[in-house]
Every structure is written in C-alpha cells, then in structure tokens.
Amino acid sequence: MSYFAGEYDVAVIGAGHAGCEAGLAAARLGMKTLIFSISLEAVANMPCNPHIGGSSKGHLVREIDCLGGEMGKNIDKTMIQIKMLNTSKGPAVHSLRAQADRKRYQMEMKHTLERQENLELKQAEITKINVKDGKVESIETAVGAIYKVKAVIVSTGTYLKGKIFIGEFSQESGPDGVFPANKLSECLKELGVKIVRFKTGTPARINRKSIDFSKMEVQKGDENIVPFSLDDKVKKFEQQDCYLTYTNEETHKIIRENLQRSPLYAGKIEGTGPRYCPSIEDKVVRFADKPRHQIFIEPIGLDTDEMYAQGMSSSLPEDVQIAMYRTIPGLENCEFTRPAYAIEYDCIDPSQLKLSLEYKNIRGLFFAGQTNGSSGYEEAACQGLMAGINASQEIKGEEPLILDRTQGYIGVLIDDLVTKGTNEPYRMMTSRAEYRLLLRQDNADLRLTEIGHEIGLITDERYNRFLTKKSNIEKEIERLKNTVVKPTEDVNKFLRLHGTTEITNGYKMSELLKRTEIKYSDLAEIDKNRPELDEAEKEEVEIQLKYEGYIKMEEEQVEKFKKLEKKRLPDNIDYFSIKGLCLEARQKLNKIKPNSIGQASRISGVSPADINVLLIYLQMNR
Amino acid sequence: MSTIASISTAPGIGGIGIIRMSGRDTFKILNKIFVMKNSKDIKEISGYTMKYGHIVENNRTIDEVLVSYFKSPKSYTTEDMCEINSHGGTVVMRKILELCLKNGANLAEPGEFTKRAFLNGRIDLSQAESVIDIINAKSEREAKEGIKQLNGFLSKEIFEIKQILLEIMTNIEVSIDYPEYDTPNVTNVEILEKIDISRKKLEDLKDSFDNGKYIKQGIKTVIIGKPNAGKSSLLNAILNEDRAIVTEVEGTTRDTIEEFVNIKGIPLNLVDTAGIRESHDIVEKIGIEKSKKLAEEADLIIAIFDSSQNFTNEDLEILKIAKNKKSIIVLNKIDLKQKITSDNPELKDLNKNLINLSAKNKNGLNLLFEKINDMFNLNEINLDNDVVITNERHKNLISTAIKNLNEAERSLNIGMPVDIIAINLKDVLHNLGEITGEEASEEIINEIFSRFCLGK
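Chains A and B, in that order, give the protein sequences. If you're matching positions, the first sequence starts at 0 in numbering that gives the first Met the number 0 and goes up one per residue. If you're matching positions, the second sequence starts at 0 in numbering that gives the first Met the number 0 and goes up one per residue.
Simulated from the structure, these hints should not be mistaken for laboratory data. Quantities reported herein were computed from a predicted structural model and do not represent experimental measurements. Please note: incorrect hints may appear among the correct ones.
[Stated by the list, open to error] Restraint ranges, calculated between C-beta atoms of paired labels, are given here:
#1 B:Asp206 <-> A:Lys559: 24 to 30 Å
#2 B:Glu296 <-> A:Glu554: 34 to 40 Å
#3 B:Met0 <-> A:Lys469: 49 to 55 Å
#4 B:Lys73 <-> A:Glu554: 47 to 53 Å
#5 B:Asp206 <-> A:Asn223: 50 to 56 Å
#6 B:Glu296 <-> A:Ser520: 54 to 60 Å
#7 B:Glu192 <-> A:Lys267: 44 to 50 Å
#8 A:Glu583 <-> B:Glu295: 44 to 50 Å
#9 B:Ser45 <-> A:Glu554: 58 to 64 Å
#10 B:Leu106 <-> A:Lys562: 26 to 32 Å
[Said to hold, decoys possible] Chain B is nowhere near these chain A residues, computed Cβ spacing over 12 Å in every case:
#11 Glu107
#12 Gly133
#13 Asn181
#14 Glu248
#15 Asn257
#16 Thr336
#17 Glu393
#18 Glu433
#19 Ile454
#20 Asp459
#21 Leu496
#22 Pro530
In this text, a Cβ means the ideal position worked out from N, Cα and C, and glycines have one as well.
Here chain B stands alone, though its shape is the one from the complex (with noise of 0.2 Å):
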C-alpha cells in the first residue's frame, strides 16, 4: 500500500500539532526532509523513540520539530509510521506536509489511518468507526459521545424502535403466511399509531443528529452587516469572551478562515473572520453577495444592525438573507440613542430572536449566548442518558427510515392491502437493522414462531 500523509491534530486543540504519515516510504521520505541533530540511520532508531531536528527545504529550515518513530507492525496501523511534531501553526503545518506529499507521500483520506489499522488487523469496524469519531471529536462532550455510541446506546435506543414496528410487522406476516389460522387482525387504527410512536422517536434522533454535529463542528456561525455595523467588535468582543478557547482554522472555502470557539460549553464556528477585519475596505456590493454565500452554508446567522441609525436599502438586503435562515438580530450600539427598536415594522416577523447589546462595551453580549443556547438546544442534550447521532451514515438510515413510514402512513390511507404496507414497514427495519447489523426477515420468523401456535 502507498504510503500516506496527513495532518493529525483535530483544528480547534491546542498549539502543537502533528503531521502523521504511515507505509512503507514513511523513513525514506522522512529522511529527505527532516535533519536530524547527531544523524542516525534509520536502522540505528528503534521504534517509539522521538528525535529533535529540523523540517528543512532547500537548506531552509521550515520549523523545529520532534519526530517519533514507530516501526513495522508495532504501530497504529502495523505499517512503518513517523509523527512530526511541529509548532509552527497551521501554514507551517501544511507547509510540512506539503513536503510529504511533494517527496512521494499521498495525501490520506480521512480516517485513512484507521482504515488500516483496520484492514491490517489491529481495530475491528465498529472500533474502527468509533475511533473516527474519537479522532474527530474536538471536545471531551464529543469523546465522550462516541465512546457511549461504540458501548451501545444508539442500539438500544433502536432496538425499542425496531420492536415496536417487529410487533406489528409478525401480525401481518403471520396472517399472511398462516391464513387459515385465527391470527389476530391487525387493524389499521393500530398500524398508524405505531407508525406515529415510532416516526416520534426516529425524529428525536434525527434531531440530536444535528446537536451532535454542533458539538463535534461547532455551530457554523457568520456574522452579517454592513461596513461599520459592528461585525468586527462584536467578532472580538466574542473571542475576548473571558473563557473562550480560540482556534483558527482552515475555512472550507479557499479564502476563508474559520474560527472555532467554545464559550461556556457553546461551540462556535465563526466563518469568515478575516472577511470581517478586512470588510472595512470592500465595496459594499461585494459584501452582500458574500454574505448571501456564506449564509447558505450557515447552521445560524448573526445579522447585526446599527440602531442609532435608520436602516439602508443595504440594511433591508440583509434582514431578507436572515429571514431565510436561523438567525439572531442583532441591535448593536444601545449605548448610543437608539433610532431603531424591535419595534420597527421590518423587524416584525423577527422579534423571537431579536437582541439588543452594545458590542463595543460587551453590554448584553450574555443575552447572545442564552439565545443561542435556546436556539440550539444545547441545554437539552444530556450527555449521560439521551443518545446523539454524530455519525453521518447513522443519520441517513433514519431519515431514509422516517421517509419509509411516511410511505407506510400514506399507503395505508389510500386504501392499499396489508401486504403493501409490510413492504414499506419492512424497509424501515431493514433501515435500521443496517445500524445495528441484524436481518430484518429473519428476525420477523423468529418472532412469529415464538408468539404463535401454527402448525399440523
């Protein structure tokens, strides 16, 4: 197998980061770009040892690094691995990484690593997926997420779900199979409360899907206004925030730096922060089509307003891209006299989550905070008793899953035979039992059998 590349460390943690590569070229490429003080040969080096030296290209040194040095098979994914320790940030982080790539490595894709780890034989699947999950947690709620996942909870909580659909899936199963015997009749009174107990619960967990995603991404945050408004001191007035762990990151798109902040437990992924230092320069007709950009991807829009002065068309432009989004209305300046109140007749449909604060004294910065956590829940998810979704293909199974009771419910409305709505109710447990592993058909025979007397 090739030999792969990648920077390890989560964005959003610490100083330090690390730059991991694994195969059978890892020392060889190493060698070409890591100087080593009192140069060893590699196989001199054992393995988990760590070395000091110099990431250098061109006789110019990149960054001061530590190396640790894992050999073949005692390493994470049982290839040769190396981890370069570096301090430099994240350019210089990929400036090394680029140096990997540039001397033969390839880039790896994600949870690469662990794939093989697990393909090698060290990790089983589902430790496999939950150690993604772990590596990509970029806090201990998250951590501690993914541990409750592996242990069990999501099957649990579906299997309940499966059971409730099982129960009425064996009625109609049975009849059908056993026509001639008194089975009971399902009616469809009882197949739609079903449908209803059971969509209620897949919802509840499609839903902390989302809860899941803020925590392990942060809430994608972009502040919107116009030049002037208050973006930048309210930007700072949030990363100023007395416990605000502040990372900055890559952004997803290519001249975007996103910053990731975790304020008392609420995890904000602020997008574009440098647009918003640097928007005093840029023509404002610019600015509404990024904004409108940005926005799109935004799981929650800040869209603040000066209210010591009356709106502008510009003002209106952004209070439409708000309204199609969850977003909080900012009324920045109350420290000056206020021309704008929640009052307003363009504010009307937006007063639940209208605000008034004054980002330059950090007066009302609190209220933001509580709206957001209201806003996203936050409070609701109980790390130790509800489960959370994090994992993508989890989520896609029980939206599929919602979707194909959706079907069950209107195909028994319209008046279709019970076999046709078995069909619907089936794929649902097929949907499920894809999470948690089993087969669905077998399942309803064992279930028939053991709940009723058939037979010559």
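Chain A with its partners taken away, still in its complex shape (with noise of 0.2 Å):
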C-alpha cells in the first residue's frame, strides 16, 4: 500500500559524494529537500581507495569549496595525511592529496546533512519517479511512501543493478555489500532515459598487522599542511604514513596462471571498465613486458587497522587473489579483510542531459556522479554540487548555472560529458583542460567565489574575506610593477647570490620576480617596504608575475574561445534540413542540440567543415 508523506522541493536519490553535495545545496538555497541513501550507512561512503584529491580532482575539490561546497571542509576535518603533489612541474598542476578517515569522513558528512537546515536525510529505495506533462510530479520508496517534488537529481552511483564479481561467484550487490537498487533502472527505461552498463573494481584490503612494512618504501605527508578550503585553517596533526611496493614476476605468473577464472576474461563482466582503473590482471595482460607494478598501501582510517592496497584491483577469485598478494615484499603473510572485487552497475548516457545537467525531456529531472558515467568522488561531488544548484535556480525560475571550459574544471567536466558523452567511466584529468595555466587550485577562489556568493552558497562574511584577499593581491601587484630597483652593490650582490644575471639599469621589481632564479620570498631582501600578505596572497602575487606572458597567452585563446562560445545556436533547428551538414553531424547535433557553435565544434563526428556550414547557416539565417 503507498501512502502520501509529504511535500518537497527537491528530493536527492543516493547520498554519495554527488548526493551530499546535491542536497547541501539545494537546502542551502531554501529548498525543502530530501535525500534519501539505501543505507544510512553507506552516506559519503569510500567503497573503494581512501583519498581525497589529487591531481586535478584537487582541483575540483578547491573549485566545490568556492563555489559553496562541503567536500573540502569534510576532508580538512578528517584527514590523516596530506601532500601537496607535482610541486616542481609547475604552478597550473599543483595538485592536494588527503588520506582521509574514511568512517570520520562519512560520520562527518551524514551529521553535517543531519543539522542542515531544510534538509531531511532518510533511508530508503526509491523505486519510481513519476513524470506528468513531461515534468517531475512525485517519487515513490520501496515501502511505498509517496513524496510530491518539484525537482529530482538522480544520483545512485554504481547501485543501480549493481552486481558483485568475485572470480567464479557472482551476487546482486552495491558497493561495500550494501543492497543494490534494482528496480529504478527500469523506471528509468520506462522513462525514456538511455541506460549504459559500466564497470570497476576495488583492490582487497588487508590487516595492518600482517603486513612487514620493513620491506616497503615509506611516503610521508607534507610538513606544510595547505588545507583544501580556503575557509579552514587546519592545525598540524600527526600524520599517517603510506608505503610503497612492487609487484614481481611470481605475482604476474599467478595472474596468467588463472586468468580463465577471472569473469571479465570469462565473458561474464558485459559492462565497460575504465583504462585508468584496470584491475591487476588487466594491466599484466596489456602490458606483458612490464616486470612490476606499483602497489600503494595506504591506512583507511585511525580507529582500524584495515589497510587499502592500490593497484591491486582485481575480479580473480578470492583463493587466487590471496597468493598473489602474499608474492608481493612486505605482503607475504599478508591476511584479507576484504576481497577485491570488480562491480557492475547501470549508469545513463550523458549526453541526454543539458549543461544544466537535466535530463533533456524531463522538467526536473537531474542527474549527478557516477551515474553520469564518471568515476571518481570529486567528479561525483562537482556534478551534485552543480545538480543542486539548477534545481534550486530551476523551482525558482532562475537561469541555470553553467561553467564553461575556461571557468573551471567543472565546466570542462561537464562539457565534457554531456557534449561528448563516455564510453567508459571518465576521470579527471589535467590535460583534458585547455586552459589549465588559468584554472589553477590556487586561484580558484579568484575564478568561483564571486559566483558561489552570488547564487547564494558563500556567505558574506567569506565573500568580503575574499575581497580583501583580491585586493591585496592586486595592489601588491601594482606596487611591484611600480617599484624599480637600483643597480645598487647590494642589489647586484643579492642577484649574483641568487645566480641570476646582475643589472646596471633601474629594473622593476615585477620583472625581477620573472627570473626563474628569484622567488618572492628571496626579493624582501631588497624591497623593504613590501606589505604584510599571508601565504596565500604571496603565492598568488608570484605566480601571476612570474607568469604572467603564458598566463596572457592563455587568455588571448579564451578570448577567441569565447567567441565561438557566444555564438548561440537555438534549440529548436532542425540540423536534418542543413544542406551542407554530413550525415553523422546531423544526427549528432540532433541528439546533443548544443547551446553554442562552441560546443557543437566539441561534439566527435562534428568536422570543422560541418561547423563552417554551421556559421554560415547562422548567418544567413539572421
């Protein structure tokens, strides 16, 4: 029997990293929201490695927290060991990484979901999302509650149809042996939505007790702790250490040995799995002629000793997986909590969404994380936040929030995703960015805070903070490219020092700092008047001087970007009577239906022959 429980705005299906985000800011905007997980347990789960960040998903992380985010502050309150990586490659792919306490980190999310104001967290299935007039009406739970909403984001991650592989055994299952979410993917059919199948996995994880670091590399955590929100200062604590090892021959025989007992190689996995996630014995087949392969243990959390092995995902069977682990220095008694695993789940196309990321045909219907065919927490978290934030802008019959390319990596993201579509799990990366020299972590409050504050999820208080910030920065600036510097003996002697070329002309200060020999740090020497700034404003002054030509050369490529960006292309052409257009372009602007020439250049299959057609047609048609 199915009862009425009530009236919502928003309702949130799944509290995963796309799921918290998404119901934070829908409530934080004044929606009455829901958000509901199978299991209270399972809130903000890390089913597979234990970290937060690194590089480029860093990057989102920072890009969430100025936006108005939660999933920076959670990880400063719960890590256990943090670095800063690719220190010496460079200022744009300065990446943070946590080791975070993985139980801490969910407890930390689900209570903070808990306070939150206008936001009810409850467990249940939901089984059914009705649709009426081609809008959102209602969704319903499998015990037959019955909630009336306005917007609904969809984000179950690999629940849906989830299924378990373990070798020869095989079982109905979410991740981390919570119950999977069988009947909404039917709903989802039924709906009209186009359901993909996907795959990944989890190495297995191992007592601490039974491993023998003696014979492991040690990685140790950075001395200088830099939070990942800039709201937070987090205070030194003492750090968790990570260990490496290696694979050997003896472990990649095993593999061989038995890889017909694997179910991917058995024909059993149908779905796709990503290429930087390959379990073990995928990269010992594809890679023959490599002798060893990393392995990365790392500690889940402080109140157990369960340990994390990276780079030992695998499907093999649990007896297999055993010996082969216990081949491996350092592992060789090692004993298993947990097997690996390789899972399966339904998950939709994304290129049935808008850059709203709601679903085309459906008014209300969102989708966020990994069922948009991602991987990865902070790319969940950046598409929740984003979900969260159009359905609140939608019920209130403002304009979606969309980034573009050059605003972000979630702008580059979600284009990504939607103009492109995946055909497998996609991930973040650095190099999928083409502007990266802007889009660095450290100025990402100067890209986003302006606009997190303006849609409503920064406060005043951190938006005037960060005026402050601007403003320093922009002043220091000014002053050092207003402050010359005289040939003086001292001057000369500090520059030698530094073993830099000496000058016998007034030079700026500014372009002193472009020298790659000199740091801001080392100029105090000989500018005495310089202000106070903290670190951060120091770090934002050096990079934006020292690169300040690349940094020009980027934004003149934004400029031209933008302008095919702005060159809107309606909703409503028809691309199936455009003469010049090929065949495949047609069908695919058909099915994307890109806002901008921009984007339609994005969509594969679309040629720069199909984009002139494209400018031309909009000319004419002025």
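Take the two lone chains and join them into the complex the hints point to.
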C-alpha cells in the first residue's frame, strides 16, 4: 500500500559524494530538500580508495569549495595525511591529495546533512519517479511512501542494478555489501532514459598487523599543511604513513595462470571498465613486458587496522587473490579483511543531459555523479553541487548556472560528459583542460567565489574576506610593477647570490620576479617596503607575475574560445534540414542540441567543415 | 541568395574566357544583355545546352559569344547558372562582367561558386578547398599538387610531426596526471631535441609554400633599370623565347599589366610590362620611385645595367633597391665593349647572382633562366614525392606552429617548469590539428592510456 508522505522541492536519490553536495546545496539555497540513501551507514562512503584529491581532482575539490560545496571542508576535518603533488612541475598542476579517515569522513558528512536546515536525510530505496506532462511530479519508495516533488536529482552511483564479481562468484549488490537498487533502472528506462552498463573494481583490504612494512618504501605527508578549503585553517596533526611496494614476475605468473577464472576474461562482465583504473590482471595482460607494477598501501582510518592496496584491484577468485598478494614484498603473510571485487552497474548516457545536468526531455529530472558515467569521488561531488544549484535555480525560475571550460575544471568535466558522452567511466585529468594555466587550484577562489556568492552559497563574511584578499593581491602586483630596483652593490650582490645576471640600469621589481632563479620571498631582502601578506596572497602574487606572459597567452586563447561560445545555436534548429552538414553531424547535433557553435565544435563526428556550414547557416538566418 | 557573376577562367591560360553567373536572377540578367540568334524563351531552353548570339549594350555589340545554360538543380552550384564564352580577351571580358553587374548581379567573391556548391550540399569542405585550389591552378603541376593535398599527403607529413611531439607531450602529461607512478622522466635535452626535429620539418613545409605559391601564381618578377639599359629588349627576349606561353593579365595595381610566362617550367609573372614598354617617355625621377614601389611586392628583381657605360647615379639607386631583395644583376650589352664587369666594386656584394648577357642578341638568356631555377629551388620540387603547401591557411598554421615551438624552446631555456612547456607544445599540436582536423587533448589522453600502465 502506498501513502502520501509529504510535499518537497527537491529530492536527491543517493547520498554518496554527489548526493550529499546536491542535497546540501539545494537546502542551503532554501529548497525544502529530501535526501535518500538505501542505507544510512553508506552516506558519503568511500568504497574504493581512501583518499580525496590528486592531480586535477584536487582542483575540483577547491572549485567545489569556492562555490560553497562541502567536500573540501569535510576532508579538512577528517584527513590523516596530506600532500601537495607536482610541486616541481609548474603552478597550474599543483594538486592537493589527502588520505581520509574514511569512517570519520562519513560520520562528519552525515552529521552535516543531519544538522542542515531544510534538509531531511532518510533511509529508503526509491523505486519510481512519476512524471506528468513532461515534468517530474513525485517519487515513490520501496515501502510505498509517495513524496510530491518539483525536482529530482538522481545520484545513485554504482547502486543501480549493482552486481559484484569475485572470480566465479557473483552477487547482486551495491558497493561494500550494501543492497543494490534494482527497480529504479527499469523506471528510468520506461521514462525513455538510455541506460548503459559500466564496471569498476576495488582491491582487497588487508589487516595492518599482517604486513611487513620494513620491506616497503615509506611515503610521508607534507610538513607544511595546506587545507583544501580556503575557509579552513588546519592545525598540524600527526600524519599517517603510506607505503610503496611492487608486484613481481611471480605475481604476474599466478595471474596469467588463472586468467580463465576471471569473470572479465570469461566474458561474464558486460560493462565497460575505465582505462585508467584497470585491474591488476588487465595491467599484466596489456603491459606484458612490464616487470613490475607499483602497489601503494594506504591506511583507511585511525580507528581501524584495515589497509587499502592501491594498484591491486581484481576480479579474480579469492584464493587466487590471496596467493598473488602474498608474492608481494611485505605482503607475504597478509590477511585479507575484504577481498577485491569488480562491480558492474547501470548508469546513463550523459549526452542526454543539458549542460545544467537536467535531462533534456523531462523538466525537473537531474542526474549527477557516477550515474552520469564519471568515476571518482571528486568528479561526482562537483556534479552533485551543480545539479543541486541548478535544480534550485529552476524551481526559482532562474537561469541555470553553467560554468564553461575557461572557468573551471567543473566546466570542462560537465561539458565533456554532456557534449561528448563517454564510453568508459570518465576521470578528470589536467590534460583535459585547454586553459589549465588559468584554472589553477590556487586561484579557484578568484575564479569562482563571486559566482558562489551570487548564487547564495558563499556567505557575505567569506565573500568580504575574499574581496580583501583579491585587493591585497592586486595592490601588491601594482606596487611591484611600479617599484624600481636600482643597480646598487647590495642588489647585484643579491642577484649574484641567486645565480642570476646583475643589472646595470634600474629594473622593475616585477621584472626581477620573472626570473626563474628568484622567488617572491627572496626579494624581501631588497624590497624593504613590502606589505605584510599571508601565504596564499604571496603565492598568488608570485604566480601571477612570474607566469604573466604565459597567462596572457592563454587569456588571448580564451577570448577566441569565447567568441565561438557566444555564437548561440537555438534549441529548435532542425539539423536534418541543413544540407551542407554530413549525415553523422546532423544526427549528433540533433541529439546533443548544443548551446553554441563552440559546444557543437566539440561533438565528436562534427568536423570543422560542419562548423563552417553552421556558421554560414547562422549568418544566413540572422 | 543573390545572383553572382565573375570571370571564371584563370588568368594565364587560353584565348577564350568564360564569364559565369549563378543565382535566381541569372536568366533574367542574361536576357537583358544577350541577344540570341533564333531567340527562344528561357522556358523552352533545356539545361546543358549552348546558344549562339551577341552580348549587346545599348544596341551596340560588345562580343560574339556562346552561352551555356544550366538549370537548377542540375548545375555546379545547384542554382540557375550560365556561362558566357567570350573571345575578346581581358578588356572585353571585363566589359561583359560589368554588364552583368550593372543589370543586377553581384561580383562573386573568390571561390564563391564553390562555396555555394558546398552550402547547397553538392560537395563537402575538403573537396571545396581542393576544388578552389584546382580552379586557381594555372599549370598542370599546380593542379596535380591540389589533388595531392586532397589525397592526404600533407596530412601524412603533419601526422609524422605530430607523433614526435605527442610522444614528449604524453610523457610530460602522464607525469603530471599520475605523479605517484613511476613514469619516464622527460629531460630537457630530449625535449629540445624533439623540438628541433619537428621545427626543421615544419620549416621545410613552410618553405614549400613559397614554392607552391610560385607554381600557382608565378614568381612575381620586376625588371628595373634606367632608360636604355635594355629593359624592353630583355622583356621581349624573354617573351619571345621559344616555349614561352604568354598571357596578358590585369595587374594588382590599377595601372600595371602583368604577363604570366611559363618558360621551360619556370613560371614568371612579369610585372608592369606596359610600363617597361612605355618607359622611354618617362621622366627618370618617376622611374626610380615606381621601381621602388614595384620592388616592394616582388619575389624577384631583375636589375639590368648597360655594361658598356659607367654607373650613373640612377644605376646606383637601382643597385640599392636590388640589394635588399632577392635579385639578379644583369650586365647587358656584352656585345659592346664592356666598361662594367663583375669585378666592379659597386657589385661586390652582388656577385653571386650576377650574369652577363646581350638581350639584343639573346646571348646568355639561358644563364638567366638557370639562375632563376637555382634561386627558387624549382628543381627541388619533386611533384611526385614532396609535399608542397599551396593553401595559405595551412601555411599560416604552420608558421604559428613554428612560433610556438620557438616559444617552447625559450621557456625551456629560461628554466620554466614542464607544465609551461607542455602548454607551448600543446599549442603546436593544436595548430597542426587544425590542419588535419583532430583534437589535441583527446589524442594525448588516448596515447597516455595506450602506453602507460596506471590505476588502482
């Protein structure tokens, strides 16, 4: 029997990394919001690796933070190790990565949801979304509760028809032994949503006391702790170590001998796996000549001795897994607490979505996270945030918030998914961003705080702090550009000391800073009148000046890019009627319905020739 | 769309010329200027037929012509079209075109017929680009080149250069996106080496553009020299050369005439031939000023001097012009007693490209042709193997790519981090991708996953 359970603005299905952000954003924007999880023990779970951030993913977390999302704050409270990656490789690719205390991360996030005004967190399986007149009307739980809602955000992760594989054994299941959601996929299909099947996997967990760390390389966190959230000050804490070890020929031999017992190679798994998250058996097969593969042993929390073995994801039978893990130095006597498994799940073809993440054919139906074919906690979270914002915007009758590829990694990610679709789980990478020198993690606030504040997720207090920071940076840059250094003996001694050429004429401080040998902090010695700035401000001044020429170059490219983005393509174009387009382009354009010439140019199958046709078409129909 | 008209035959070939019109009002306009023998209503004329008659203005016959009729959609542009075959040379053709325009047609932009064919779905862009090149081609060699670019010789060459750069890019990118994995470290030396190799290849391609341009448009050549130095004798000697194919064409500036000559495979575009013929009457001062102006736009300057007389001030002015450009110094009148020889101190820096000849006796003319051949590497263009760029857009993209490679090198040399280098290199890949129509970042990502073993 079903019953009417109440009326809400937004319902979020799934409380993983996407769902939590979506629910919080909607509630904070004043929407009466529901958030459902099949199990409340699984809120903000990290069923795979126990870390947040990493190259380009760290950027996403920063961007989420600057738009008023929660992930950065949550990891700042619960991290047990932190590192800034790529510090020698250039300012644009510095990226934070933290090991999380997984349980605390979950508890913290769950508690945040519970305390949030306008938000109700409920344990229930949603089995049905009802649509009336092309618009979302209500949702139903497995036990028959009907909630009338204006918008639904589907963020079901790997739960939709989830199925796990451990060798010959398989079972319908969500991650970490939680129930799968078997009915919602059918409902989505009936609504006309195209479903695809992806797979991913996770390595075994091992008890710490069974590991011999003396045979492994220790990997420590950074001395200097930089938090993810620009709102946070994180105190020094005792950081946990990670460890590095390697597979060897013996490991590979065991894998090769047992390949026929892998469900993947036996053809039992139909889903498409990601290239960048291959199982160890995949690696051994595809890179047969590589003598060893790296394995990272990472703690998953302070209150547990379970350790994660990054690099050893597998769907081989448990006995084979144990045998192959035990060939690895330091793991000779390892005891599994949980075996590795592969998981297959339903997700949607994201090219059915608008850039706002709303499903094109049903108003109020949004999708976010792994359900959209992405992979990774950070990728999921940023979509959740955007879906939460845009569901609220729609209910309020306002324009959706769409970030473009020049504004953030979030813009790149969503544009990629929606415009190109994806035929494997999509992972963020810095190489996907065309303008990465502009999309740095250090300037995420300069790029996005304004937007976050305008939407209503950044408080006035934080916004004002941001304005002060911004003005401090601008003033200091201006000052350095107007400060002339005279070629005195002291100055030249300083320059000699730093291994750079001496000066004979007056030289602008900003120009000296452009020399690769000299850092902003070094210049203090010959720059007596400098104001007191905090570390983040100093960093920003340094990067903006040191790389000024390169930044300008990218900014020029952005101008060009924006010209094409500004050439709007109306929704109602019938691409089949444009004669000059090739057939594939007509089909793709009709399916994606790009917003602009720029977006159209990124659709695979739409050639530069087709773009010229569109440009001429637009001109003729003006 | 409006009705367009233009002279469609490329300057440089043949005695007849075609004025072409396309668009809705084609036949209406034609009707006003064309008096057909045995006049018929347009409805009775079927497509793909030709009618004989006269182009007439105010009852005055301009030319005797044949007109081909093409009815929509069965025409090159799929619109109503006609082609007026005229026999009257440049001036008459221009007159006919003017009449078309006066009666309502618009002057077609370069390549507009093909653009329409493309817009109306008759041909795709790559075909269109090549067709435009083929139309513009004035010689067989060039037509061949147009076809070859279409077939992807250029893409193959670009592809090879891209592979070199992709390899370093992939190594850089993988180290950035997967910092925790042991991936190969790219050294600056390696990067510099790859930059060098690809830059060399790109420069060769770019140089070939100039060659390609010469094939297509001829080597723009200006003959300068004081009155009586022998300009017109030399001109006549060149034009009367055995296998010279001469066509008179409208020059780029209003008051000059260019003549396109193809001698033994050397395409010369002789500028201001009329000026040379008339130069006897021209005041000397004006002659120098004009020479300077013409020299500015020339690919080649032939500076001619009367070797039987000592250098005058005017000769020295002319030497000055020649010094700053690709030029050949011709010491003329060797049939007379020479007062100037190649040892002359004024000619010190110009010795390399100096020849002696007698324009009057056509003595030494071969030396001139050989010299031109050498200077423009015309023999080095092997049409069957080498890629010659003839498309301006391609050339510009290649130039930008070279600029970005230089930038990458500079960044490396001043000690910028790999990320910055990667940005420069990605620009290069992007430039090259615009030629072949591929997207750089997607390629890098595919390359990363096919070459490296990463993941949980």
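Hint check:
1. Our hint of 24 to 30 Å for aspartate 206 of chain B and lysine 559 of chain A holds, since their Cβ atoms are close to 28 Å apart.
2. About 36 Å separates the C-beta atoms of glutamate 296 of chain B and glutamate 554 of chain A, a value consistent with the hinted range of 34 to 40 Å.
3. Against the hinted window of 49 to 55 Å, the Cβ-Cβ separation of methionine 0 of chain B and lysine 469 of chain A comes to about 51 Å, which satisfies the hint.
4. For the pair lysine 73 of chain B and glutamate 554 of chain A, the beta carbons lie near 51 Å from each other, so the given range of 47 to 53 Å is met.
5. Distance hint check: the CB atoms of aspartate 206 of chain B and asparagine 223 of chain A are about 53 Å apart, consistent with the given range 50 to 56 Å.
6. Between glutamate 296 of chain B and serine 520 of chain A the beta carbons are some 55 Å apart, a value that agrees with the proposed interval 54 to 60 Å.
7. Roughly 48 Å separates the CB atoms of glutamate 192 of chain B and lysine 267 of chain A, a value that falls within the hinted 44 to 50 Å.
8. As the Cβ distance of glutamate 583 of chain A to glutamate 295 of chain B is approximately 48 Å, the hint placing it in 44 to 50 Å holds.
9. Distance hint check for serine 45 of chain B and glutamate 554 of chain A: the Cβ-Cβ separation is about 60 Å, which falls inside the suggested range of 58 to 64 Å.
10. Distance hint check: the CB atoms of leucine 106 of chain B and lysine 562 of chain A are about 28 Å apart, consistent with the given range 26 to 32 Å.
11. Against the 12 Å criterion, glutamate 107 of chain A stays outside the reach of chain B, whose nearest CB is about 24 Å from its own CB.
12. Against the 12 Å criterion, glycine 133 of chain A stays outside the reach of chain B, whose nearest CB is about 34 Å from its own CB.
13. Distance check for asparagine 181 of chain A against chain B: the nearest CB is about 27 Å away, which clears 12 Å, and the non-interface claim stands.
14. No beta-carbon of chain B comes within 12 Å of the beta-carbon of glutamate 248 of chain A; the shortest separation is about 15 Å.
15. Here asparagine 257 of chain A stays apart from chain B, with its beta-carbon at least about 19 Å from theirs, past the 12 Å limit.
16. At roughly 17 Å from the closest C-beta of chain B, the C-beta of threonine 336 of chain A stays outside 12 Å, upholding its exclusion from the interface.
17. Remark: the non-interface label on glutamate 393 of chain A is consistent with the geometry, its nearest Cβ contact in chain B lying 31 Å away (cut-off 12 Å).
18. Residue placement check: glutamate 433 of chain A does not keep its beta carbon more than 12 Å from all beta carbons of chain B (closest about 7 Å).
19. Every CB of chain B lies more than 12 Å from the CB of isoleucine 454 of chain A, the least distance being 29 Å, so the non-interface label holds.
20. Every CB of chain B lies more than 12 Å from the CB of aspartate 459 of chain A, the least distance being 36 Å, so the non-interface label holds.
21. At the 12 Å boundary, the C-beta of leucine 496 of chain A stays outside the reach of chain B, the nearest C-beta of that chain being 17 Å off.
22. Every Cβ of chain B is farther than 12 Å from the Cβ of proline 530 of chain A; the closest lies at roughly 27 Å, confirming the non-interface assignment.
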